[in-house]
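The opening position of the sequence shown corresponds to residue 125 in my numbering, with each subsequent residue numbered one higher.
Check before you lean on any hint, since a few could be wrong.
What the hints assert, rightly or not - Now the in silico label distances, taken between C-beta atoms and shown as ranges:
| hint | residue 1 | residue 2 | range |
| --- | --- | --- | --- |
| 1 | Leu-177 | Arg-323 | 51 to 61 angstroms |
| 2 | Arg-470 | Glu-270 | 16 to 26 angstroms |
| 3 | Gly-325 | Leu-216 | 29 to 39 angstroms |
| 4 | Arg-323 | Val-455 | 25 to 35 angstroms |
| 5 | Gln-353 | Leu-473 | 40 to 50 angstroms |
In short, the hints are calculated from the structure, not lab data.
Glycine included, each C-beta is placed from N, C-alpha and C at the ideal position.
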Amino acid sequence: MESWSLNPIFGSLVTVLLTVLILLLVVLLVRPYRRLSKQRRLTLLALRIAVILVLLTAMLRPGRIVSETKTRPANIIVLTDETESMLQPSALDDVSRWEHQKRVWEDTARFLLSSKQDVETKWFGYTNHISTQRWDSESGIVTQAEPTGQFTDIGVAILEAVTSEPGEQVHAVVLMGDGRQTAYQGEVDIRQAMNELRRRGVPLIGVPFGREGDVLQSKDIAIEQLPQQFRVFSGNDVQINAIARLRGVLGSPTKVHLKLTTQGGATEVVQTLEVIATEANDIQPVQFILTASQPGVYMLEVEAASAEGEVLLSNNRQVAYLTVLEGGLRVLYLYGNRLGEQLEMRKSLASSPDIELSESYIRHFSPQNWPDPRTNIL
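Put together the whole structure using the sequences plus the hints.
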(Lines of atoms letter the chains of each structure in order from A and count residues from 1; the text may use other names and numbers.)
(Lines give C-alpha, C1' and ligand atoms only; values in the text may rest on other atoms or scores of the structure.)
Protein backbone atom coordinates (compact mmCIF):
# COMPACT_ATOMS: atom_id res chain seq x y z
CA MET A 1 0.00 0.00 0.00
CA GLU A 2 1.25 3.48 -0.90
CA SER A 3 0.30 6.96 0.36
CA TRP A 4 1.61 10.54 0.48
CA SER A 5 1.85 12.85 3.46
CA LEU A 6 2.71 16.50 4.23
CA ASN A 7 4.63 17.68 7.28
CA PRO A 8 4.79 21.50 7.04
CA ILE A 9 7.33 23.42 9.08
CA PHE A 10 6.11 24.66 12.48
CA GLY A 11 3.29 22.16 12.02
CA SER A 12 1.16 24.83 10.31
CA LEU A 13 0.02 24.79 6.69
CA VAL A 14 -1.32 28.35 7.04
CA THR A 15 2.14 29.69 7.88
CA VAL A 16 3.57 28.09 4.74
CA LEU A 17 0.82 29.49 2.50
CA LEU A 18 1.16 33.01 3.94
CA THR A 19 4.93 32.92 3.36
CA VAL A 20 4.46 31.89 -0.27
CA LEU A 21 1.80 34.57 -0.78
CA ILE A 22 4.12 37.30 0.56
CA LEU A 23 6.90 36.14 -1.74
CA LEU A 24 4.58 36.24 -4.76
CA LEU A 25 3.49 39.77 -3.89
CA VAL A 26 7.12 40.83 -3.65
CA VAL A 27 7.80 39.35 -7.09
CA LEU A 28 4.85 41.17 -8.63
CA LEU A 29 5.39 44.52 -6.93
CA VAL A 30 9.16 44.88 -7.09
CA ARG A 31 10.26 45.84 -10.62
CA PRO A 32 13.85 45.89 -11.87
CA TYR A 33 15.32 49.43 -11.90
CA ARG A 34 16.82 48.95 -15.38
CA ARG A 35 14.76 48.68 -18.50
CA LEU A 36 14.90 45.06 -19.69
CA SER A 37 13.59 43.43 -22.76
CA LYS A 38 10.37 41.52 -22.52
CA GLN A 39 12.12 38.16 -22.91
CA ARG A 40 14.54 38.92 -20.06
CA ARG A 41 11.73 40.07 -17.79
CA LEU A 42 9.83 36.83 -18.42
CA THR A 43 12.98 34.78 -17.77
CA LEU A 44 13.62 36.60 -14.49
CA LEU A 45 9.98 36.13 -13.44
CA ALA A 46 10.14 32.41 -14.21
CA LEU A 47 13.32 32.03 -12.14
CA ARG A 48 11.76 33.81 -9.18
CA ILE A 49 8.61 31.69 -9.34
CA ALA A 50 10.74 28.52 -9.60
CA VAL A 51 12.64 29.54 -6.44
CA ILE A 52 9.35 30.14 -4.65
CA LEU A 53 8.05 26.69 -5.71
CA VAL A 54 11.25 25.01 -4.47
CA LEU A 55 10.91 26.89 -1.18
CA LEU A 56 7.24 25.85 -0.98
CA THR A 57 8.19 22.19 -1.47
CA ALA A 58 10.88 22.44 1.21
CA MET A 59 8.46 24.03 3.69
CA LEU A 60 5.70 21.48 3.04
CA ARG A 61 8.13 18.52 3.45
CA PRO A 62 6.13 15.96 1.48
CA GLY A 63 6.67 12.25 2.10
CA ARG A 64 5.82 8.97 0.47
CA ILE A 65 4.73 6.05 2.67
CA VAL A 66 4.99 2.51 1.32
CA SER A 67 3.48 -0.26 3.50
CA GLU A 68 4.32 -3.90 2.91
CA THR A 69 2.84 -6.74 4.94
CA LYS A 70 5.19 -9.69 5.48
CA THR A 71 3.87 -12.83 7.14
CA ARG A 72 6.19 -14.61 9.55
CA PRO A 73 5.54 -18.23 10.57
CA ALA A 74 3.94 -18.69 13.99
CA ASN A 75 6.29 -20.15 16.61
CA ILE A 76 4.51 -23.05 18.35
CA ILE A 77 5.94 -25.17 21.20
CA VAL A 78 4.46 -28.64 21.79
CA LEU A 79 5.17 -30.52 25.05
CA THR A 80 4.34 -34.22 25.43
CA ASP A 81 4.35 -36.16 28.71
CA GLU A 82 7.00 -38.92 28.82
CA THR A 83 6.54 -40.20 32.39
CA GLU A 84 5.44 -43.65 33.54
CA SER A 85 2.05 -42.35 34.68
CA MET A 86 1.11 -42.20 30.98
CA LEU A 87 1.00 -46.02 30.97
CA GLN A 88 -2.27 -45.93 32.94
CA PRO A 89 -5.64 -46.26 31.17
CA SER A 90 -6.96 -43.33 29.18
CA ALA A 91 -10.50 -42.21 28.43
CA LEU A 92 -10.55 -44.64 25.48
CA ASP A 93 -11.20 -48.30 26.21
CA ASP A 94 -8.19 -50.67 26.12
CA VAL A 95 -5.78 -47.86 25.27
CA SER A 96 -3.17 -46.37 27.58
CA ARG A 97 -2.68 -42.64 27.88
CA TRP A 98 0.65 -43.00 26.09
CA GLU A 99 -0.98 -44.70 23.07
CA HIS A 100 -3.79 -42.14 23.04
CA GLN A 101 -1.28 -39.29 23.17
CA LYS A 102 0.74 -40.94 20.39
CA ARG A 103 -2.29 -40.99 18.09
CA VAL A 104 -2.94 -37.31 18.77
CA TRP A 105 0.63 -36.20 18.15
CA GLU A 106 0.83 -38.23 14.91
CA ASP A 107 -2.25 -36.38 13.61
CA THR A 108 -0.82 -33.10 14.87
CA ALA A 109 2.55 -33.80 13.24
CA ARG A 110 0.92 -34.41 9.84
CA PHE A 111 -0.93 -31.10 10.09
CA LEU A 112 2.21 -29.21 11.13
CA LEU A 113 4.24 -30.74 8.28
CA SER A 114 1.62 -29.62 5.77
CA SER A 115 1.63 -26.12 7.31
CA LYS A 116 5.37 -25.67 7.84
CA GLN A 117 5.32 -22.54 5.66
CA ASP A 118 3.02 -20.89 8.23
CA VAL A 119 4.02 -22.65 11.47
CA GLU A 120 7.49 -23.06 12.94
CA THR A 121 7.38 -25.96 15.40
CA LYS A 122 9.45 -26.88 18.44
CA TRP A 123 8.57 -30.20 20.05
CA PHE A 124 9.87 -31.42 23.43
CA GLY A 125 9.13 -34.35 25.69
CA TYR A 126 9.03 -33.57 29.39
CA THR A 127 9.43 -35.30 32.76
CA ASN A 128 11.02 -33.20 35.52
CA HIS A 129 12.94 -31.43 32.70
CA ILE A 130 12.37 -31.06 28.97
CA SER A 131 14.13 -33.32 26.48
CA THR A 132 16.16 -32.36 23.46
CA GLN A 133 14.34 -31.14 20.35
CA ARG A 134 12.05 -33.92 19.03
CA TRP A 135 10.87 -32.19 15.86
CA ASP A 136 12.34 -32.70 12.40
CA SER A 137 10.95 -30.31 9.80
CA GLU A 138 11.28 -33.00 7.11
CA SER A 139 10.06 -36.18 8.80
CA GLY A 140 8.06 -34.87 11.77
CA ILE A 141 8.37 -35.95 15.39
CA VAL A 142 11.03 -38.40 16.54
CA THR A 143 10.27 -39.81 19.99
CA GLN A 144 10.89 -42.83 22.20
CA ALA A 145 8.82 -45.99 22.11
CA GLU A 146 7.78 -46.03 25.79
CA PRO A 147 7.73 -43.43 28.58
CA THR A 148 10.55 -43.86 31.10
CA GLY A 149 10.40 -40.73 33.27
CA GLN A 150 9.62 -41.12 36.96
CA PHE A 151 8.64 -37.59 37.97
CA THR A 152 6.57 -34.89 36.28
CA ASP A 153 7.35 -31.23 36.93
CA ILE A 154 5.00 -29.17 34.78
CA GLY A 155 6.32 -25.82 36.03
CA VAL A 156 9.91 -26.62 35.00
CA ALA A 157 8.79 -28.02 31.63
CA ILE A 158 6.82 -24.89 30.68
CA LEU A 159 9.48 -22.44 31.88
CA GLU A 160 12.36 -24.27 30.18
CA ALA A 161 10.39 -24.52 26.93
CA VAL A 162 9.51 -20.82 26.62
CA THR A 163 13.06 -19.77 27.59
CA SER A 164 14.85 -22.36 25.43
CA GLU A 165 15.72 -19.80 22.75
CA PRO A 166 15.94 -16.26 24.16
CA GLY A 167 14.80 -13.47 21.88
CA GLU A 168 12.30 -15.56 19.90
CA GLN A 169 8.61 -14.80 20.20
CA VAL A 170 6.46 -17.77 21.17
CA HIS A 171 2.87 -17.63 19.93
CA ALA A 172 1.42 -20.65 21.78
CA VAL A 173 2.38 -23.57 24.04
CA VAL A 174 0.52 -26.88 23.62
CA LEU A 175 0.77 -29.07 26.74
CA MET A 176 -0.15 -32.74 26.30
CA GLY A 177 -0.31 -35.12 29.28
CA ASP A 178 -2.39 -36.36 32.17
CA GLY A 179 -1.80 -33.18 34.18
CA ARG A 180 -0.38 -35.09 37.12
CA GLN A 181 2.33 -33.28 39.07
CA THR A 182 4.39 -36.04 40.74
CA ALA A 183 7.47 -33.95 41.61
CA TYR A 184 6.07 -32.45 44.80
CA GLN A 185 9.19 -30.43 45.51
CA GLY A 186 9.52 -29.04 42.00
CA GLU A 187 12.28 -26.63 41.07
CA VAL A 188 9.76 -24.16 39.62
CA ASP A 189 6.35 -23.45 41.09
CA ILE A 190 3.58 -23.86 38.53
CA ARG A 191 2.36 -20.33 39.35
CA GLN A 192 5.76 -18.92 38.42
CA ALA A 193 5.54 -20.63 35.03
CA MET A 194 2.01 -19.28 34.50
CA ASN A 195 3.16 -15.77 35.38
CA GLU A 196 5.95 -16.03 32.80
CA LEU A 197 3.45 -17.07 30.11
CA ARG A 198 1.16 -14.21 31.13
CA ARG A 199 4.03 -11.72 31.01
CA ARG A 200 4.97 -12.85 27.49
CA GLY A 201 1.35 -12.96 26.33
CA VAL A 202 1.62 -16.65 25.36
CA PRO A 203 -1.57 -18.76 25.49
CA LEU A 204 -1.37 -22.25 27.02
CA ILE A 205 -3.41 -24.94 25.26
CA GLY A 206 -3.97 -28.07 27.35
CA VAL A 207 -4.63 -31.49 25.78
CA PRO A 208 -5.52 -33.85 28.68
CA PHE A 209 -5.42 -37.64 28.63
CA GLY A 210 -7.03 -39.95 31.16
CA ARG A 211 -10.43 -40.39 32.73
CA GLU A 212 -12.04 -37.56 34.65
CA GLY A 213 -11.08 -37.75 38.31
CA ASP A 214 -8.07 -40.03 37.73
CA VAL A 215 -5.70 -37.60 39.42
CA LEU A 216 -7.58 -37.85 42.72
CA GLN A 217 -8.38 -41.55 42.40
CA SER A 218 -4.85 -42.65 41.52
CA LYS A 219 -2.81 -43.91 44.46
CA ASP A 220 0.50 -42.50 45.48
CA ILE A 221 2.40 -42.45 48.77
CA ALA A 222 5.47 -40.27 49.18
CA ILE A 223 7.89 -39.63 52.04
CA GLU A 224 9.19 -36.06 52.10
CA GLN A 225 11.11 -33.49 54.15
CA LEU A 226 13.41 -35.95 55.90
CA PRO A 227 16.60 -34.14 57.00
CA GLN A 228 19.73 -35.59 55.42
CA GLN A 229 21.96 -35.53 58.52
CA PHE A 230 21.49 -36.31 62.21
CA ARG A 231 24.16 -35.97 64.88
CA VAL A 232 23.81 -37.18 68.45
CA PHE A 233 25.90 -38.47 71.35
CA SER A 234 25.78 -42.10 72.33
CA GLY A 235 22.94 -42.94 74.70
CA ASN A 236 20.84 -39.90 73.82
CA ASP A 237 17.54 -39.85 71.98
CA VAL A 238 17.20 -38.36 68.51
CA GLN A 239 13.89 -37.27 66.99
CA ILE A 240 13.40 -38.14 63.32
CA ASN A 241 10.67 -36.15 61.58
CA ALA A 242 9.27 -36.45 58.07
CA ILE A 243 5.91 -36.15 56.35
CA ALA A 244 3.89 -38.71 54.42
CA ARG A 245 1.95 -37.40 51.42
CA LEU A 246 -1.01 -39.70 50.82
CA ARG A 247 -3.18 -39.63 47.71
CA GLY A 248 -5.99 -41.99 46.84
CA VAL A 249 -5.75 -44.01 50.11
CA LEU A 250 -8.46 -42.27 52.12
CA GLY A 251 -9.18 -44.12 55.38
CA SER A 252 -6.66 -46.89 54.72
CA PRO A 253 -3.84 -47.31 57.28
CA THR A 254 -0.37 -47.07 55.77
CA LYS A 255 2.66 -48.49 57.57
CA VAL A 256 5.82 -46.39 57.72
CA HIS A 257 9.05 -48.12 58.78
CA LEU A 258 12.25 -46.68 60.19
CA LYS A 259 15.20 -48.83 59.12
CA LEU A 260 18.73 -48.62 60.50
CA THR A 261 21.71 -49.90 58.49
CA THR A 262 25.12 -50.27 60.15
CA GLN A 263 28.49 -49.77 58.49
CA GLY A 264 28.71 -53.53 58.12
CA GLY A 265 25.56 -53.58 55.97
CA ALA A 266 23.17 -55.15 58.48
CA THR A 267 19.67 -53.64 58.30
CA GLU A 268 16.95 -53.80 60.93
CA VAL A 269 13.51 -52.26 61.28
CA VAL A 270 13.76 -50.09 64.39
CA GLN A 271 10.21 -48.78 64.56
CA THR A 272 6.94 -48.94 62.63
CA LEU A 273 4.14 -46.37 62.62
CA GLU A 274 0.74 -46.22 60.96
CA VAL A 275 -0.64 -43.12 59.27
CA ILE A 276 -4.19 -42.72 57.98
CA ALA A 277 -5.27 -40.21 55.33
CA THR A 278 -8.30 -38.13 56.31
CA GLU A 279 -8.65 -36.55 52.85
CA ALA A 280 -8.26 -37.70 49.26
CA ASN A 281 -4.97 -35.78 49.06
CA ASP A 282 -3.56 -35.56 52.58
CA ILE A 283 -0.32 -34.86 54.44
CA GLN A 284 0.41 -36.65 57.72
CA PRO A 285 3.40 -36.06 60.04
CA VAL A 286 5.72 -38.97 60.78
CA GLN A 287 7.83 -38.90 63.95
CA PHE A 288 10.23 -41.53 65.28
CA ILE A 289 12.27 -41.49 68.50
CA LEU A 290 15.55 -43.41 68.25
CA THR A 291 18.02 -44.01 71.07
CA ALA A 292 21.58 -43.83 69.76
CA SER A 293 23.66 -46.83 70.74
CA GLN A 294 27.26 -47.47 69.70
CA PRO A 295 29.32 -44.64 68.18
CA GLY A 296 29.60 -44.76 64.40
CA VAL A 297 27.88 -43.73 61.17
CA TYR A 298 24.53 -45.29 60.31
CA MET A 299 22.12 -45.02 57.41
CA LEU A 300 18.50 -44.27 58.26
CA GLU A 301 15.70 -45.08 55.86
CA VAL A 302 12.09 -43.99 56.26
CA GLU A 303 9.97 -46.17 53.98
CA ALA A 304 6.22 -46.29 53.46
CA ALA A 305 4.50 -49.48 52.38
CA SER A 306 3.18 -49.31 48.82
CA ALA A 307 -0.55 -49.19 48.16
CA GLU A 308 -2.29 -51.64 45.87
CA GLY A 309 -2.26 -50.26 42.33
CA GLU A 310 0.40 -47.63 43.05
CA VAL A 311 2.54 -47.01 39.97
CA LEU A 312 5.24 -44.64 41.19
CA LEU A 313 7.20 -46.37 43.97
CA SER A 314 10.52 -44.52 43.93
CA ASN A 315 9.16 -41.72 46.15
CA ASN A 316 8.02 -44.11 48.91
CA ARG A 317 11.33 -43.83 50.74
CA GLN A 318 13.95 -41.31 51.79
CA VAL A 319 17.41 -41.84 53.21
CA ALA A 320 19.36 -39.93 55.88
CA TYR A 321 22.60 -40.47 57.79
CA LEU A 322 23.05 -40.67 61.56
CA THR A 323 26.39 -39.90 63.20
CA VAL A 324 26.66 -41.20 66.78
CA LEU A 325 29.47 -39.61 68.79
CA GLU A 326 31.09 -41.02 71.87
CA GLY A 327 30.34 -39.13 75.10
CA GLY A 328 27.56 -36.63 75.66
CA LEU A 329 25.92 -35.28 78.79
CA ARG A 330 23.38 -36.83 81.10
CA VAL A 331 21.71 -34.26 83.29
CA LEU A 332 19.46 -34.80 86.30
CA TYR A 333 17.31 -31.71 86.77
CA LEU A 334 15.50 -31.28 90.09
CA TYR A 335 13.04 -28.41 90.29
CA GLY A 336 10.49 -27.08 92.73
CA ASN A 337 8.56 -24.71 90.45
CA ARG A 338 6.68 -25.90 87.38
CA LEU A 339 6.46 -22.44 85.80
CA GLY A 340 8.64 -19.47 84.97
CA GLU A 341 12.39 -19.67 84.66
CA GLN A 342 12.64 -23.29 85.75
CA LEU A 343 10.20 -24.35 83.01
CA GLU A 344 12.23 -22.53 80.35
CA MET A 345 15.44 -24.09 81.67
CA ARG A 346 13.97 -27.58 81.34
CA LYS A 347 12.83 -26.89 77.77
CA SER A 348 16.23 -25.50 76.80
CA LEU A 349 18.12 -28.50 78.18
CA ALA A 350 15.70 -31.01 76.63
CA SER A 351 15.98 -29.41 73.17
CA SER A 352 19.71 -30.16 72.87
CA PRO A 353 20.53 -33.41 71.03
CA ASP A 354 23.75 -33.66 73.06
CA ILE A 355 22.01 -33.79 76.44
CA GLU A 356 19.95 -36.61 77.91
CA LEU A 357 17.71 -34.97 80.49
CA SER A 358 16.15 -36.69 83.49
CA GLU A 359 13.88 -34.45 85.52
CA SER A 360 12.10 -34.75 88.83
CA TYR A 361 9.83 -32.39 90.72
CA ILE A 362 10.66 -31.73 94.40
CA ARG A 363 7.57 -31.44 96.54
CA HIS A 364 7.51 -29.22 99.58
CA PHE A 365 7.62 -31.80 102.39
CA SER A 366 6.97 -31.19 106.03
CA PRO A 367 9.93 -31.84 108.40
CA GLN A 368 8.58 -35.24 109.38
CA ASN A 369 8.61 -36.40 105.70
CA TRP A 370 12.20 -35.43 105.16
CA PRO A 371 14.48 -36.71 103.66
CA ASP A 372 12.96 -37.27 100.23
CA PRO A 373 12.76 -41.02 99.52
CA ARG A 374 13.98 -40.39 95.95
CA THR A 375 17.48 -39.45 97.06
CA ASN A 376 18.66 -42.89 95.96
CA ILE A 377 18.54 -41.72 92.30
CA LEU A 378 21.57 -39.54 92.99
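The hints, checked one at a time:
1. Leu-177 / Arg-323: 51 to 61 angstroms: holds, 54 angstroms
2. Arg-470 / Glu-270: 16 to 26 angstroms: The hint (16 to 26 angstroms, Cβ to Cβ) is violated, given that Arg-470 and Glu-270 are roughly 59 angstroms apart.
3. Gly-325 / Leu-216: 29 to 39 angstroms: holds, 35 angstroms
4. Arg-323 / Val-455: 25 to 35 angstroms: Distance hint for Arg-323, Val-455 is violated at roughly 57 angstroms.
5. Gln-353 / Leu-473: 40 to 50 angstroms: violated, 23 angstroms
Figure legend: structure checked against the earlier numbered hints; hints not met, in rising order: 2, 4 and 5.
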